[in-house]
Each structure stands twice: as structure tokens, then as C-alpha cells.
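Chains as they are written, first to last, in the numbering used here: chain A, 2 to 564; chain B, 64 to 349; chain C, 344 to 517.
Heads up, some of the hints might be wrong.
Stated by the list, open to error - Which bits of chain B does chain A cover? Going by a derived footprint, with three or more residues having C-beta under 8 Å, they are: (1) 122-128; (2) 198-204.
Said to hold, decoys possible - Which bits of chain C does chain A cover? Going by a derived footprint, with three or more residues having C-beta under 8 Å, they are: (3) 373-384; (4) 396-406; (5) 445-452; (6) 470-484; (7) 494-502.
Hints listed in this document are in silico derivations from the structure and should not be mistaken for laboratory results.
All C-beta atoms in this analysis are idealised placements derived from N, C-alpha and C, irrespective of residue type, glycine included.
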Amino acid sequence: MNRVFLLIVFVFFAGISTQAQFSELLKKSEVHGSFEFDGAYYMPDNELGITDSLINGRNFAFNGFGNITYTLGNFSAGLRYEAYLPPLAGFDPRMEGQGFPYIWATYATEKFSFTVGNFYEQFGNGLTLRTYEEWTLGYDNSLNGARITYEPVKGLLMKGVYGVQRFFWSKYTKNSRGIVKGFDAELDFNQVFTGMQDAKIKLILGGSFVSKYQADQDPIYKLPRNVSNAAGRVTLGMGKFILTSEYAYKINDPSAINKLIYKEGQGLIVSLSYSTKGFGFFGMFKRYDNMSYRSDRGETANALDINFLPPNTETHTYMLTSMYPYATQPNGEIGFQFQINYKVPKKSKLGGKYGMGIAVNYSQVNDIVRNAVEVPGTDETAIEEPGTLGWSSPFFEFSDQVFWQDFNIEIDKKFSKKFKGTLTYMYQTYDIDILEGHEEGLPHVYSNIGVLELTYKFTSKKALRGEFQGLWTKQDKGDWAALLLEYTISPHWFFTVSDQWNYGNPVKDNRLHYYNGSFGYTRKTTRISITYGRQREGIVCVGGVCRAVPASSGFYVTISSSF
Amino acid sequence: MKAFKILSLIVALGMFFYACEKIEAPYKIGGGESERGSSGDTTKNVLIEDYTGHGCVNCPVAADFAHDLQGVYGERVVIIGVHAGYWATPGTFGPGFDTDFRSQTGNTWDTYFGVSNVGNPNGLVDRADDEGNYIVTPTNWGSQVDERLANDFLAKITIENDFNAGTKNLNTNIKTEFQINLTDDYSIIVCVTQDSIIAPQKDNRVGGDGVIEDYDHMHVLRGSMNGDWGENVTNGEDPVSGKTYEKNYSIKFEDDWVADDCWVVAFVYNEANKTLIQVDEEKVTK
Amino acid sequence: MKHIIILLSTFFIFSIANSQDKAEYKTLPSVNIKTLEGETFNTQNIYNDGNPILVSFWALWCKPCKKEMEAYNELYEEWQEETGVKIYAVSIDDARSTAKVLPFVNGKAWEMEVLLDPNCDFKRAMNVNMIPHTFLIDGKGNIVYQHTSYYEGLEYEIYEMVEKVAAGESISKH
Numbered sequence: 002m003n004r005v006f007l008l009i010v011f012v013f014f015a016g017i018s019t020q021a022q023f024s025e026l027l028k029k030s031e032v033h034g035s036f037e038f039d040g041a042y043y044m045p046d047n048e049l050g051i052t053d054s055l056i057n058g059r060n061f062a063f064n065g066f067g068n069i070t071y072t073l074g075n076f077s078a079g080l081r082y083e084a085y086l087p088p089l090a091g092f093d094p095r096m097e098g099q100g101f102p103y104i105w106a107t108y109a110t111e112k113f114s115f116t117v118g119n120f121y122e123q124f125g126n127g128l129t130l131r132t133y134e135e136w137t138l139g140y141d142n143s144l145n146g147a148r149i150t151y152e153p154v155k156g157l158l159m160k161g162v163y164g165v166q167r168f169f170w171s172k173y174t175k176n177s178r179g180i181v182k183g184f185d186a187e188l189d190f191n192q193v194f195t196g197m198q199d200a201k202i203k204l205i206l207g208g209s210f211v212s213k214y215q216a217d218q219d220p221i222y223k224l225p226r227n228v229s230n231a232a233g234r235v236t237l238g239m240g241k242f243i244l245t246s247e248y249a250y251k252i253n254d255p256s257a258i259n260k261l262i263y264k265e266g267q268g269l270i271v272s273l274s275y276s277t278k279g280f281g282f283f284g285m286f287k288r289y290d291n292m293s294y295r296s297d298r299g300e301t302a303n304a305l306d307i308n309f310l311p312p313n314t315e316t317h318t319y320m321l322t323s324m325y326p327y328a329t330q331p332n333g334e335i336g337f338q339f340q341i342n343y344k345v346p347k348k349s350k351l352g353g354k355y356g357m358g359i360a361v362n363y364s365q366v367n368d369i370v371r372n373a374v375e376v377p378g379t380d381e382t383a384i385e386e387p388g389t390l391g392w393s394s395p396f397f398e399f400s401d402q403v404f405w406q407d408f409n410i411e412i413d414k415k416f417s418k419k420f421k422g423t424l425t426y427m428y429q430t431y432d433i434d435i436l437e438g439h440e441e442g443l444p445h446v447y448s449n450i451g452v453l454e455l456t457y458k459f460t461s462k463k464a465l466r467g468e469f470q471g472l473w474t475k476q477d478k479g480d481w482a483a484l485l486l487e488y489t490i491s492p493h494w495f496f497t498v499s500d501q502w503n504y505g506n507p508v509k510d511n512r513l514h515y516y517n518g519s520f521g522y523t524r525k526t527t528r529i530s531i532t533y534g535r536q537r538e539g540i541v542c543v544g545g546v547c548r549a550v551p552a553s554s555g556f557y558v559t560i561s562s563s564f
Numbered sequence: 064m065k066a067f068k069i070l071s072l073i074v075a076l077g078m079f080f081y082a083c084e085k086i087e088a089p090y091k092i093g094g095g096e097s098e099r100g101s102s103g104d105t106t107k108n109v110l111i112e113d114y115t116g117h118g119c120v121n122c123p124v125a126a127d128f129a130h131d132l133q134g135v136y137g138e139r140v141v142i143i144g145v146h147a148g149y150w151a152t153p154g155t156f157g158p159g160f161d162t163d164f165r166s167q168t169g170n171t172w173d174t175y176f177g178v179s180n181v182g183n184p185n186g187l188v189d190r191a192d193d194e195g196n197y198i199v200t201p202t203n204w205g206s207q208v209d210e211r212l213a214n215d216f217l218a219k220i221t222i223e224n225d226f227n228a229g230t231k232n233l234n235t236n237i238k239t240e241f242q243i244n245l246t247d248d249y250s251i252i253v254c255v256t257q258d259s260i261i262a263p264q265k266d267n268r269v270g271g272d273g274v275i276e277d278y279d280h281m282h283v284l285r286g287s288m289n290g291d292w293g294e295n296v297t298n299g300e301d302p303v304s305g306k307t308y309e310k311n312y313s314i315k316f317e318d319d320w321v322a323d324d325c326w327v328v329a330f331v332y333n334e335a336n337k338t339l340i341q342v343d344e345e346k347v348t349k
Numbered sequence: 344m345k346h347i348i349i350l351l352s353t354f355f356i357f358s359i360a361n362s363q364d365k366a367e368y369k370t371l372p373s374v375n376i377k378t379l380e381g382e383t384f385n386t387q388n389i390y391n392d393g394n395p396i397l398v399s400f401w402a403l404w405c406k407p408c409k410k411e412m413e414a415y416n417e418l419y420e421e422w423q424e425e426t427g428v429k430i431y432a433v434s435i436d437d438a439r440s441t442a443k444v445l446p447f448v449n450g451k452a453w454e455m456e457v458l459l460d461p462n463c464d465f466k467r468a469m470n471v472n473m474i475p476h477t478f479l480i481d482g483k484g485n486i487v488y489q490h491t492s493y494y495e496g497l498e499y500e501i502y503e504m505v506e507k508v509a510a511g512e513s514i515s516k517h
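One chain only, chain A, in its complex shape:
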């Protein structure tokens, strides 16, 4: 339907653009766009176990998109073309194909906006609804339908959404997946009530309701067709303190993820921060219990999530610190995090001429406690049995099973105008069985990780950066060492060589080097980079949503630009 609508819009503008009298109007029109191409040429690699037959003729793969946005005053419209022919290794094979998965048009005034087509939206932290797109994951759960936002007075913003979600290239047909509707309102007391404008206490309240409809075609289980998820949130600012919290409650939602249990779902996030110039403290607590919420109760891969469950762990980005990343466990997890940022002042004994930054972070996630519940119609009790309430769980209790633990400290210091460095130490506990979905009874991975990063500037535009990394563990693949050297000439060039060496692998034949060489050129918004080497088998996570990447070997090209 909205394709037809867009077509009309396009015809309209294509038509008027040829009319001279509209040229004045068109002077105010703007076209923006961007594109990206990520291509790979895979080659066999005996050491990695990649053979010609495994590649099966699909040596070349790429993911690409092109985006066009058009704006004219209050009106804007856009579309995105995507192609995965075939998708890069490690992306969902259902992505293979090409087309326009994202087409939209919006009319917006100061108080009001109306969007049809595909859109991205987030209510609060996303516990009830978040549609977003993450290129590196190949994730896109955009809603296709309509959205209205209305801001009757400054400080009160309401949003309503209605639609169906994108599911790779699959068109919506009757009962193929659920229909989502949602409503959100946020009230900023200090803006709405004139008496509070200069108050020391800042208060923002918000609430959201989301409901999904999916037909019940199951002959064995009585499934709820309408499942709603509601949340309330608060942001309270008191001088240097800011407290934020959101609590969500979801009614019975039997699904493939929770194995058809009829338990309610709950989610709670509380965070507190305190900061002054040069010092910041952050602490948070979160608990999720049966909070997976999707527009198809049968979907188990990374698709059709209606809500988003933010993890409470730090995101690490060095080659070895990101080896064991955290994946949110929607069926249940409880955890907390603390962080301190401190800047040792300039010209102090420790700070030296330029000061020194210290960041300490600790996070932990455990399983929730699960007790057996009655199996209806019998005298038995069970945990996680389909057709029961699943489990009962005391709200604030941590189970003995630790999913994740991460203590890390990062110190950055500038020694002179030319020389600076960062030192990172991390101790991590990782439940590889649960977080990677093995369920093989593998032991937890305990690792110590150290990274020293040094940057030396030869001139104001030329610099050499080195990363020296080590990961030491007795579990999984054993010890690793990694080295990276990067030479940059601002603003255009970079040259990088790196190697990750699994020197401590318990299997001698697997003590492999994962070497890489790459260079790139950037001009304004255009960036081209070419890499040759090996990709380590691993896991890429963004926001606790993860994708497994297989080992590969070959050439990789990325071209990205915007205008």
C-alpha cells in the first residue's frame, strides 16, 4: 500500500520539478543520501579448515545499501535500497536478495508529525518497543505502517505507532506474523509547569503501552492472540545526581524462546549517576524475567523483536577484549554495574602536564532463581515445562550461576605533545555454555586481559599507533597475543598491520596466526578501505544482540560515502 503512496509522491515531485514556476520552491528542497558497500572475496585456507567445497563457488559476497532522503519544508521522504548477493559469511542466509525494504514519507509541523511507510522508534529504554537497524549485525526490525507524534505543549510528547515488522525480504501476508500497535507519552515537568522551570529538581515521567496481535493456529495450546507489554519510567535530576528507572510488565506470552510457558514477564532497570567536573560515578541494577517480546512467537533467530533489553555490561572494542562479549538472556538475568571516571588534574604530581584519565568498571550478571511450578491437571511440578507457568522467581535473588563478570581498569595519559598512551587491564568470567548457546556443560572461561596502546605523533599529521595485547586463560582456546600497528596521515590515509596469535591453544595444530593488512583512503565523507587477511571465528555483539562470525580468509573491501 505505501509503495503505491510513495509512487504517487514521486510522480508528483518528478512532475513539478520540471515546472519552472516551482523552481523557487525547489530551492528550499534538499536531497541527502549515503551508500555503503562491504564486499569480500573468500579464499580457501587449509589451516582454518576452509576448503573449496565449503566455499562452494560463492567466493564473492557483499552487503550493500544506498539511502536517499528528500526534504521540502515540512515534507520529507526517503528510501533505502539493500542488496546481499550473497550476504557476507556469518549473516543470516535469509538476507540474501535485493530490494527496497525501507520506504517512508513524513509530514511534520512544530507540534505534529505523521509518518507512513517504514520507521524506527524507541519508547523509553526500549523495554516495550524499539525498532532499529544495525548494519554490522544485519539487523533491521523496522515497523511498516504509520506513526503519529504530537506535542501539544512544550515538554509533553506523545507517540502512536501501528504496523507490522520487517522480516528479511518476506512480505506480510495474513497470519504470517503479528501486528504491533503502541503508544507512548513523556511529560517533562520542568518544561510544562511554569512554576518548575527554574526548580533544582528535574522530573520527567513517561509511560508506554504496546500490544501485538497474532492469530492462534496451534491445535494443542491455547495461545493468547493479543499480548501487551506496558512500562513506566522516571528521570529525576537533583543537582549532580541523576536517577533513572524503567519498569515493564508483560502478560502471558508463550513463545519459542520461552518454550511456551504462560508466565508474565518483568523488566526493571535502575541507574544512578553522580558527576562533577573531572569525576563521574555510575551505578545500575537490572533484572529481566521472561521478557522476550516478538511479533512472531515462533521466531528464535535475531529478527522480529518488538522490544530491546539493554545489557548492563561494558562494550569492549580491542581485538582481544572483545573476544568474549555479552549476549542478553531474555528468559532471565539479574545484574549490576558500577563505573568511576576520574580525571587527575593537570599539573598535579600524578597528572603531569596534561592530566591523566582513570576509568574503573565492574559488571556482573547472574541467572535469576527459578523454582518449579505446578503442571496444570497433575500433581507434579516442573521448571520450564511447556503449558505451565514456567517458573517462580524471587525478585531480587541472584542464582549461583554467574553468566558474566567483568572488572576492568583503563588509564590514559598524555606524556608529551607527541606521545600518549592507554593501559587497560581486564578480568573476565564468561559462561560460554549459556552465552554462546552450546549447552554442552563447558566450563566457564576465566581470562586476564591486558592491552597497552601507544600513539606517537611524528608531525601534526603523521602518527604511529601500536596496540600490544594479551589474553590469558586456561579454558576454551587458551592464551592469545595480539599486535597492531597503524600509521596514519591525516586527513586521508591509514595503513594497518595486525596479528592475533593463539599461541596457547591446547591443540597444537590450532595455534594459528590471524594476520591482517589493510589500508584506506578517506576524503570528506568518502572512505575506502581494503583488507587482506584472516578473520577469527568469533561473535559480534551490538547492544547484547549477537551474531556468530565464522573464520574466513581473503580480501575485504569497504566503500562508504554520503552526500
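Add chains B and C to chain A, keeping to what the hints say.
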């Protein structure tokens, strides 16, 4: 004041959007035991292929789903348990897990449809695909079976078994009678499954080490009587309505195949998209 | 259907592109994002009283971004005195760490304006593919220069542009 008016509007709107359905126990309304077997059915039947493994902790739940569906639809639902992939490997999941339930035919199917690659438990329902994706999550088998059962009855399969206990040789006669004229190419696969093999199985619903020592493995695929992909039913001609096409196959049972617990499962599928038009099963011994 | 859309959109883009050279520059879109205190902030309110503005997208998980911000921060005082430039640092951290941005920014003693774009609405509207990505906006609100990625020393290149804009020179040929 205006803000409060708007707030009450929000609440009213919220109530409207907040449609919900609280389901009361019992949640399970179907399932249980039921008759099995071929009666020269005059309805479209559905095949559930349950790709499983003795080391897979979530697989017994899936087996229960399939079993419950058979409870609801009786002999209109036929199940094959395909043990393939990592979770089916013998000798890796602890003491007692040394039975090899895998079969060459099962491995071929598993590789072709990529099931264990995606993960167990998973399955195929009538080998029907959704834009190239054949794999159906167990929790969706119910709705998928429902949908497939609504398809037209296109062919009738009649299975007659003659098992010689002395030579352990099974001779099977299969008659396929098409109900309408068709134009595509159709093949028939005839295979043997076995019930009631008692052996350990991992199950995360039980406490302790999560092992059921005396698990009852049902519908275990033993092998095919006419190759991994069977044979063209009509020997190349377009299927003619009312005409019966006859095939004869035989297989020698291995020592651990208990004939009294075995079934012959036969299914006819479209060669172009591998999707079944009919399936039936019959006990090996009367 | 698809072919028609491709055809028409191509025609449409070309016809617009033709008229585009009449329009001088591009401006900031109107998107609702958040301040560090959680208030809603419309991006049309990015304003600096006729002086140049830098809008830079970054995130806590992006090391080169943080280096770029550090570099700006060190020079910010000097730059402000000379050109009156104002820097908006837009964090695209999602709900996982939006609440961590404020203590981080204060912990680093950054002086620039920091905004939160947790669902990447502003990033999308600005057609930013990867971060860091920095936009330079002149006194009239036109986007006159942009650059993606950060290498040591890029701040000087950016600042040259800022100086030109502050002096009212054109940088379109650059």
C-alpha cells in the same frame, strides 16, 4: 490545566491500545495418545520430521510437541525422528550415550535442508518451504501442521508389508493412486522407522545431570528402502487421475532393528520443491 | 512494480539533482533527540548566534571518536576565543549506556555540548554511515563541510575550515 486534559486523553487512549488476553489454566487443550497406521486414508496427511539428537537438552520437548500433534490428529500425522548432526554423535555426551541413532539417509537430508546447522531441535513439516526456508521451530509445528492438513488430498498411498522373521527380510508393496491429473514430477521415498528404543537422553527439564537414563526413543529413522531421495512414482509420465502406480522394495533388517517396533513410512513429493503431497505409515509386522 | 519504482526514483533523483545546484547548501533536519538530562531536544535548536558550529557523532564504544573529542576538548578554549565556534558532540550510544554518557563526559571534563541520539534518528537523518563523522555548519545554518573517520591531527584540518567559515570565506572548492 490543558496538560491534565491531555493526560486523561492519554490514559483513555492507552486503555484502548492495551488489548490483552490473560489465558487461564489448563493451557494445553490437545494431545495425548491416539491410533496410528495406514487405513488407505482418503485425507491429506502431514509428515513431521523431528531433527533431534540424544545429547540435545531441548529435544525431548520437541518430541512431545510432535507426539501431542499426533494425539490431536491421529493417523493424519506421521512422525520421523531424524538423528543427525553434532547432538546425535555417539560417545560424546557421557556414559551410556554410545548408541548411534544416525542413518545415512538422515545425514543426507540433514545436510540438504541444513537443519542441524541451524540447531536442534528443529524440523520440517511436509518439507514445505517459506521462500526457500524449510526449517520450522518446534513451537510452530502445530500451526504449520494445521495449515498443511488443509491442503487437497492428491494421492492415496497403500502400504503392504511382508516380513520374514527368519531371513530378517522385509518386502514392501506400495500403491500410489493419484486423485487428479498432475503435470509435475513426483517421487516416492519409502523408509523404515523404529519405536521404543530405550537409551539415555539429555533433557534440561529434569534436575541433576539432566539425563533420562531410560528415555523411550520413538519414530527413529533407520534407513530408506529406495535411496535417499527415492524414485519417480510414475516412471516419468504425468500422473493420471485414478491410475494406480505400483512399486516393490525390499530391505534386510540389521540386528538391532526390532521388527515388531518398526514401521514403514512412505511419502510422495514434488521433485521441484521437495514438498510432500501425501504420506502414510504401516507396521512392519501385523 | 519494483522496476517502476527504480525507474521513477532515478528520474526523480536526477530532476531534483538538476535543480539542486540552484540551492546553495544543506541545512540541519528537524529531529527530536535528548539532552544529557533526559529532556527532549529538537536538532533545529542547534544554534550559535551566527558563529560556526561543529556537530560530531561519537559513542562510548568508539575509540577514535573519543580521541577526536579529546582533541577538540583540548583545543576548545583556544578555538572559541579565536572563532567563537561551538561544538555539539552527539552520542549515538543506545539504551545500554545512555545513562553512562553524562558521568563519562563530566569525568573527562569535556566542555562541549553533548546530546544523546539513542535510536540513531539524528544519525540517520544526517546520512551518517559510520562514526566518527563531523559536520561544519556556517553562521547561516548551512552544512558546508563534513568528514568521516578520525586520524591524529585531523583537528587541525577541521579547524582550518572553521577559521575560513568564521572569516566568511567559501570552502566549497576544498
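Here is how each hint holds up against the structure:
no., hint, verdict
1, 122-128, "holds (count 3)"
2, 198-204, "holds (count 5)"
3, 373-384, "holds (count 6)"
4, 396-406, "holds (count 4)"
5, 445-452, "holds (count 8)"
6, 470-484, "holds (count 5)"
7, 494-502, "holds (count 6)"
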